[in-house]
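Novice: Here are the chains, one letter per residue:
Protein chains: 2
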Amino acid sequence: MSRFWSNIVSQLTPYTPGEQPQIDNLIKLNTNENPYGPSPKVIKAIAESNNESLRKYPDPNADTLKTTIARHFELDDNMVFVGNSSDEVLAHVFRGLLKHDKPLLFPDITYSFYPVYCKLFDIEFNQIPLRDDFTLNIDDYQASNGGIIFANPNAPTGMALSIEKVEILLQRNPNSVIVVDEAYVDFANDSAVRLVKKYTNLLVTQTLSKSRSLAGLRVGFALGHAELIEGLERVKNSFHPYALDSLAIAGAQAAFADNAYLEQTCAKVNSTRERTTQALKALRFEVLPSSANFVFARHVSHNAEKLFLSLRERGIVVRYFDKPRISEFLRISIGTNDEMNALIEALTDIIASNS
Amino acid sequence: MSRFWSNIVSQLTPYTPGEQPQIDNLIKLNTNENPYGPSPKVIKAIAESNNESLRKYPDPNADTLKTTIARHFELDDNMVFVGNSSDEVLAHVFRGLLKHDKPLLFPDITYSFYPVYCKLFDIEFNQIPLRDDFTLNIDDYQASNGGIIFANPNAPTGMALSIEKVEILLQRNPNSVIVVDEAYVDFANDSAVRLVKKYTNLLVTQTLSKSRSLAGLRVGFALGHAELIEGLERVKNSFHPYALDSLAIAGAQAAFADNAYLEQTCAKVNSTRERTTQALKALRFEVLPSSANFVFARHVSHNAEKLFLSLRERGIVVRYFDKPRISEFLRISIGTNDEMNALIEALTDIIASNS
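One line per chain: the protein sequences are L and U, in this order.
If you read the first sequence in our numbering, its first letter stands for residue -15, the second for the next number, and so on.
If you read the second sequence in our numbering, its first letter stands for residue -15, the second for the next number, and so on.
What the hints contain is simulated information worked out from the structure, not anything from laboratory work.
Please note: incorrect hints may appear among the correct ones.
Intra- or inter-copy, both count: the list cannot distinguish identical chains.
[As the list claims (entries may be wrong)] With a straight-line cut-off of 25 Å between C-alpha atoms, the simulated DSS-like cross-links for lysine-lysine are:
#	residue 1	residue 2
1	Lys182	Lys252
2	Lys265	Lys290
3	Lys103	Lys86
4	Lys40	Lys252
All chains, please: the whole structure from these sequences, using the hints.
Specialist: Set out below in structure tokens:
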């Protein structure tokens, strides 16, 4: 606390990212990183941009990247917004499109950054409890609202809401922006992007951090009607016009030029997810049905925090949330088959030695 | 205008960056880029980080970079804040440290982003006119205030305020944060950084875009008392925790490891600036005394906008501001000697053919 801080600063409860421990030989299954590196074409494109041209500003509008993304999703260029990570995109979305006189609605269990943004931007919100089985029921979102946001697949549950249900929600709320945060969508079966042209109140956000293996490059984007995108551009150009550096622009473009690699990588991760789910169930874990690159699981008898700590002692880091309703669960990112074998082996051992 | 926009969005007047025209053989003297590329050590460090490790998140705190910067300036690690460009750093500064009940003070002629931030964050401000000779007189800043910010050297004038005067301002305003925006300081003679340990109300911001030739990498930083830095960290961690990507962190660290290169480059730019100033004066331009990598000049008889347009026709882009008090001036970035020779040649020709 300092007298030099603006009023808002002391009231903030900043987001706590998953730890990034600098330990050798660690099996890191705590921040949903992709176990496979980015497409070799990405590395090549970055290498080709890594030269004296870094002295120059990037294109502040990143037009070439926007065009690439627009073509990929069969949208117009003015339906794409890009930013330095989907966290930054979401920040602009909260300020630019979700701050209204009525409260914003989102699930009680979802990406834990949403209430942080609300505090930062002074946005009133209501958290709608997920049902007991952790499903989002759209009938719970009937209240008058200034917007609705949810992650789909949801985090940290991994569970997906059908796009048919998303469409009903869009139809029921023609005067609110519905934001579908699709950080994990490439590991799922369906995306709301196909509704973007049809509904002017839909905004879909995505990231290159997970499925495209580029958490280190910080690129996210939003897709929506040109009017929504213009609102975001106005906010961004009042904040920092050159959001993406030249290397991030080059790398992101190359990532979209290699969809075969994306599909291959996601298929591998999903196959490992299914193997891991079966193995966890065999160890008497309840595993929520995941459409993401992680699983959310609780053991019938073993305490989650203790399991988390025991795994950590063995050099395996997963994510544990000390929060209501989910404190019995571990969120486990899907690594390589070898990493998941090591996890299952460690859990088998921990459970056996504590039974 | 859209009914989906938050109230603030329609009131925004976003910042207009200098154009980034994609024309071959253009002589680009409009955005104060360094004509020399970054240190070869920067390119090497980025190349070494451009690999499969991009699948992982960067260190959200960029601790190694902070330590490097802290050592360079002989400060403690907790006196350094880093961000995705000094524009982003400034955005967090405005929200976190400059929004108070009393108005923020800054010059009428300075970095034109400041009023944009005030609008975005709803900060009351008073613009204090520079004197007729474009000097900042600290006696004009006696009013009760919620903070003071100015660029030093100032933009677009290039003129520097002595650090002795900055110190008096700090002493006169013990209850306000004084932000010295030193984007161009490496081309000047002195910096306020040496006062950072002595004054808890001083924050200095700098960038790697100009003197370190890394406009394309988007890295800026702030130096100040640990309490001020903590305020900025709280805002940043409520906005996007991983502000800098892995390649930017690696490149920025390498840039600070090669100060010989920095000094060499700045010396070359400053020498070209002096040559250019003399040549412009010979053409009957008034040139404000610059401590930056640009000059601000007006011709005794020729209209600035016409000169700007005539230069553009010849493939030379400089910056013209259609704003009160400075609409007779051109802001000309310092390029290579060859580029400046071409500029002088073009101006000679334009002036001769219009006299």
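Novice: Each of the hints needs a verdict: does it hold here or not?
Specialist: Hint by hint, here is what the structure shows:
With identical chains, the CA atoms of Lys182 and Lys252 are never at most 25 Å apart, being 33 Å at best within one copy and 57 Å at best between copies. In this assembly of identical chains, the alpha carbons of Lys265 and Lys290 lie at most 25 Å apart only when taken from the same copy (19 Å versus 76 Å across copies). In the homo-oligomer, the alpha carbons of Lys103 and Lys86 lie at most 25 Å apart both inside one protomer (15 Å) and across protomers (23 Å), since each shortest distance falls under that limit. In this homomeric assembly, Lys40 and Lys252 come within 25 Å of each other (Cα to Cα) only across copies, at 18 Å, whereas the closest approach inside a single copy is 39 Å.
Checked against the numbered hints above, the structure breaks only hint 1 and satisfies the rest.
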